[in-house]
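**Student:** Quick note, the sequences are listed as chains A and B, same order.
Last residue of the first sequence: number 217 in our numbering, and the count goes up by one each step with no gaps.
Last residue of the second sequence: number 217 in our numbering, and the count goes up by one each step with no gaps.
Hints may be right or wrong, so weigh each one.
Where chains are identical, the list cannot tell them apart; a pair therefore holds if satisfied intra-copy or between any two copies.
[As the list claims (entries may be wrong)] No farther apart than 20 Å at their CA atoms in a straight line, the calculated lysine to aspartate or glutamate pairs in the DMTMM-like style are these:
no. : residue 1 : residue 2
1   : Lys144    : Asp31
2   : Lys162    : Asp31
3   : Lys162    : Asp198
4   : Lys162    : Asp75
5   : Lys144    : Asp170
Hint data in this document are derived by calculation from the structure and do not stem from the laboratory.
What you are looking at is a predicted structure, and each value in this text was computed from that prediction instead of being measured.
There are 2 protein chains.
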Amino acid sequence: MTDAGDLTRFPDLQVRDLGALRALLADVYLGTVAYIGPHGPDALPTAVALHDDRLVWHGSTGAGWLRRLADGSPVAVSVTALDGVVVARASFESSFWYRSAVIRGIPQVLEGDERGAALDAIVERILPGRTAETRVPSAKELAATVVLALPLDDWTLKASRDWPEDQPADVAGDVWAGVVPLEVRHLAPLDAPDLRAGIEVAASCRRLSPGSE
Amino acid sequence: MTDAGDLTRFPDLQVRDLGALRALLADVYLGTVAYIGPHGPDALPTAVALHDDRLVWHGSTGAGWLRRLADGSPVAVSVTALDGVVVARASFESSFWYRSAVIRGIPQVLEGDERGAALDAIVERILPGRTAETRVPSAKELAATVVLALPLDDWTLKASRDWPEDQPADVAGDVWAGVVPLEVRHLAPLDAPDLRAGIEVAASCRRLSPGSE
Chain A
5 MTDAGDLTRF
15 PDLQVRDLGA
25 LRALLADVYL
35 GTVAYIGPHG
45 PDALPTAVAL
55 HDDRLVWHGS
65 TGAGWLRRLA
75 DGSPVAVSVT
85 ALDGVVVARA
95 SFESSFWYRS
105 AVIRGIPQVL
115 EGDERGAALD
125 AIVERILPGR
135 TAETRVPSAK
145 ELAATVVLAL
155 PLDDWTLKAS
165 RDWPEDQPAD
175 VAGDVWAGVV
185 PLEVRHLAPL
195 DAPDLRAGIE
205 VAASCRRLSP
215 GSE
Chain B
5 MTDAGDLTRF
15 PDLQVRDLGA
25 LRALLADVYL
35 GTVAYIGPHG
45 PDALPTAVAL
55 HDDRLVWHGS
65 TGAGWLRRLA
75 DGSPVAVSVT
85 ALDGVVVARA
95 SFESSFWYRS
105 AVIRGIPQVL
115 EGDERGAALD
125 AIVERILPGR
135 TAETRVPSAK
145 ELAATVVLAL
155 PLDDWTLKAS
165 RDWPEDQPAD
175 VAGDVWAGVV
185 PLEVRHLAPL
195 DAPDLRAGIE
205 VAASCRRLSP
215 GSE
């Protein structure tokens with residue numbers, strides 16, 4: 005199910021360790037779901053989480069793209085961490101530190117208890133500890149929500165964390181080379197305008213923003 | 005060419021201003037290219053940049069997915085900024101501050117001077133000022149590179165930067181609500197292990213990492 009051209013060229017970039025996929029999904033929850041829409045390939049971003057060894061995501065029952073997927077459309081979900089800009093002396097050798105997974109298959113619609121548990125997993129993935137701070141979703145809220153699950157059966161993971169590999173003539177020159185690391189940070193939480201007086205920032209949110217406590 | 009279900013539901017989230025698309029592409033260069041592969045929908049991340057009012061990206065002539073695209077396959081390129089986690093009192097009302105574009109069409113292969121100019125635009129997008137610090141690509145390097153360009157003819161942009169909108173009963177409760185903003189940061193540049201003594205960090209890279217100069 006993978007692009008043979010790519011795999012043949014860079015076999016060293018392929019990672020076959022499920023632990024590495026788990027680690028990426030522990031760092032990045034933004035997924036881009038590619039699917040075939042009414043007019044061709046299409047893509048939408050959504051928050052994804054691992055739950056029971058499946059990739060889960062959710063949305064409104066009113067969303068056309070989720071209804072399409074719920075009808076049994078194949079998808080490819082791309083999850084990427086950009087960990088740094090690899091700045092070689094030559095532009096041609098420049099690249100990224102990255103980890104990039106694609107998980108493919110036909111998602112299943114979760115129902116009943118499975119649906120609630122998967123929704124909790126998504127909340128906990130984004131805000132660890134949040135489900136203990138909030139009420140449980142109402143029956144009406146659950147009824148308005150589609151939850152999809154994609155087994156980790158068909159996936160590829162590519163990763164690179166190499167230094168620049170310039171030609172000897174470039175290395176002998178005067179141009180700087182190295183890596184500029186990238187990091188996603190949570191900033192200090194902002195109170196909602198309608199927050200009642202005396203309510204402190206939730207512990208789950210304080211923990212996300214180091215230095216803001 | 006868009007998902008009518010989504011557009012009907014959330015018309016207020018649609019942004020039709022080309023300036024807003026440009027602003028997103030000035031903030032985010034990670035794109036995910038959705039296309040139809042040999043076995044169904046597929047997706048790959050790549051760096052994208054605006055050049056001459058087209059979205060451009062590049063890769064190796066040996067990459068199977070780029071050869072497929074160069075043959076005239078339709079694509080949907082998704083570019084997403086996650087600007088914050090919207091933490092409502094109820095999980096159901098929680099969401100994100102985000103800006104998310106999808107640009108659709110059939111990419112064109114750039115040749116000759118157009119190819120070199122587009123490659124420069126990609127380098128400058130990632131590292132402003134870098135092309136003035138490095139040598140020009142060799143003919144051999146250019147020959148090994150495919151550059152694709154997608155006109156901004158068919159695109160959608162959705163954005164949200166709202167506060168939580170909880171039900172009155174939840175607002176009256178004791179649960180915190182607000183937003184945890186997200187930020188992507190460049191960290192201090194790291195020298196390549198084979199960097200010759202006495203070469204200072206490139207100005208282009210120093211400028212990316214505030215506080216590291």
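**Student:** Against the structure shown, which of the earlier numbered hints fail to hold, in ascending order?
**Tutor:** 1, 3 and 4
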